[in-house]
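Participant: For the protein sequence lines, the chains are C and P, in the order given.
Plus 15 on top of the position in the first sequence (first one is 1) and you've got this note's numbering.
Plus 15 on top of the position in the second sequence (first one is 1) and you've got this note's numbering.
No lab work stands behind these hints: they were computed from the structure.
All values derive from a computational prediction rather than experimental measurement.
We put the CB at the ideal spot given by N, CA and C, even for glycine.
Do not rely on the hints blindly, as some may be mistaken.
[Said to hold, decoys possible] Derived lysine to any residue pairs resembling SDA-like cross-links, with alpha carbons at most 25 Å apart:
id: 1; chain 1: C; residue 1: K167; chain 2: P; residue 2: I34
id: 2; chain 1: P; residue 1: K167; chain 2: C; residue 2: Q36
id: 3; chain 1: P; residue 1: K82; chain 2: P; residue 2: A253
id: 4; chain 1: P; residue 1: K167; chain 2: C; residue 2: V250
id: 5; chain 1: P; residue 1: K167; chain 2: C; residue 2: A32
id: 6; chain 1: P; residue 1: K167; chain 2: C; residue 2: F189
id: 7; chain 1: P; residue 1: K167; chain 2: C; residue 2: T22
[Claimed, not checked] Here are some chain P residues pointing at chain C (derived, C-beta under 8 Å):
id: 8; residue: F29
id: 9; residue: S30
id: 10; residue: N168
id: 11; residue: N171
id: 12; residue: L172
id: 13; residue: R193
id: 14; residue: R195
id: 15; residue: D196
id: 16; residue: H203
id: 17; residue: S220
Number of protein chains: 2
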Amino acid sequence: MSAESGTKTLEVCFSPALIGQHDVSEAVVVVIDVLRATSSMCVAFHHGVNSIVPVASVEESLAYREKGFLVGAERNGEMLDGFDLGNSPFSFMDALVKGRDIALSTTNGTQAIAAAKGAKHIVAGSFLNLDVLAEWLMAQEANVILLCAGWKNSFNLEDTLFAGALASVIQPAFELNRMRDAVLAAIHLYNLARHDLYGFLEQSSHRSRLAKLQIEKDIAYCLTPNQAPVIPVMVDGALVRMAV
Amino acid sequence: MSAESGTKTLEVCFSPALIGQHDVSEAVVVVIDVLRATSSMCVAFHHGVNSIVPVASVEESLAYREKGFLVGAERNGEMLDGFDLGNSPFSFMDALVKGRDIALSTTNGTQAIAAAKGAKHIVAGSFLNLDVLAEWLMAQEANVILLCAGWKNSFNLEDTLFAGALASVIQPAFELNRMRDAVLAAIHLYNLARHDLYGFLEQSSHRSRLAKLQIEKDIAYCLTPNQAPVIPVMVDGALVRMAV
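With the sequences and hints as input, model every part of the structure.
Facilitator: Laid out in structure tokens, this is it:
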């Protein structure tokens, strides 16, 4: 059943490498990279950034510097030398970002946005914009696909937990189809974790990686709902703040 | 860390389409298609089948009939006309299968076996051979990858639950690496479901499909541990019963 017939479907995709199983053309795709790309994007727009161009390579982002962009890059969780910004949400709270355009290259988030190409809308989701995003999605006459960026195309827990958090709120407005198992799994895992997201992720792979980088503060912030109630949306190759 | 250095890793892969993220060459790959291909394979060998050739197409399996094979095929959960066997574990309990060679084409199981090509060993896992398989895996000096066949390359719950059941038993003998999140998720979901697997799957996609086919009895049987304590293993393109 399609969105046209009055019913709309909700699907969860655990990896950009599996996006081919989904029909993005009739759907809003929510790209999810909780630690930390899509969280930082929400913070950036909440602090007045004008646009963010997601780029695939570090070289490409440097080319944007010459056009007056701030450039942000991170690989394997670490900020790269010679860049203006890393991938921490706190680096986007600086007054220097207000009104600026940013070219951002990240390990997984940019790749997931690229995988969603052809979607009706591509928006960025994180715990930081949970409620505003849920409300907007339920009001759309479109199917919704929650696309977890994962870690280098592998399943990851933190993106799955956010997919579950969002799905558990919006599910009543959608039908579940033959792809329902991923939706159910995400909701089950979120319900297990919801009272202590931080503790639940203690054993997870990415959190272990990030802990080594001493960014526990970033993680705690990225798991806190509704700190940056904005919706980043792709328009003509750049993310901008949706007028809602 | 590799199996050679004395540590061995455990990974879970939620779809044949994601197998490229894993290094199968140093690993035992456990192919999991609980409803019903790998369950039926266990039953077949427990009832004296000589070999099972997994084939990709219905046409290919028919070619085996001329060589004296019994032929089994199923598409979308239903037995195909003109075949000797379907995909129900009960069809493999018949005395007629004893000592015979079978060519079997299934929707997802055969595809998953193909995806595991190049592995050190490829074995079939299901609740029906849980304990014997766990014991054998822990005794091997090799990495282990639990490969969920899923449904047409999408995540499914029943294969994930078995991956979690097996992982929760064997995990102490293995290291978890950067792919650990899928292992943790499978174990969490299994722990949620373990006291009522049948009820937990009630909302799942594949069970709904199969319920329409009136094979609730198959499902209940496929979720019952240790009914067929054998290990099907690929040798020269065919599954045979491992001597353990």
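Participant: Decide, hint by hint, whether the structure agrees.
Facilitator: Cross-check of the supplied hints:
no.	hint	verdict
1	C:K167 to P:I34	13 Å, holds
2	P:K167 to C:Q36	8 Å, holds
3	P:K82 to P:A253	15 Å, holds
4	P:K167 to C:V250	32 Å, violated
5	P:K167 to C:A32	14 Å, holds
6	P:K167 to C:F189	22 Å, holds
7	P:K167 to C:T22	23 Å, holds
8	F29	6 Å, holds
9	S30	6 Å, holds
10	N168	5 Å, holds
11	N171	5 Å, holds
12	L172	4 Å, holds
13	R193	5 Å, holds
14	R195	5 Å, holds
15	D196	4 Å, holds
16	H203	6 Å, holds
17	S220	5 Å, holds
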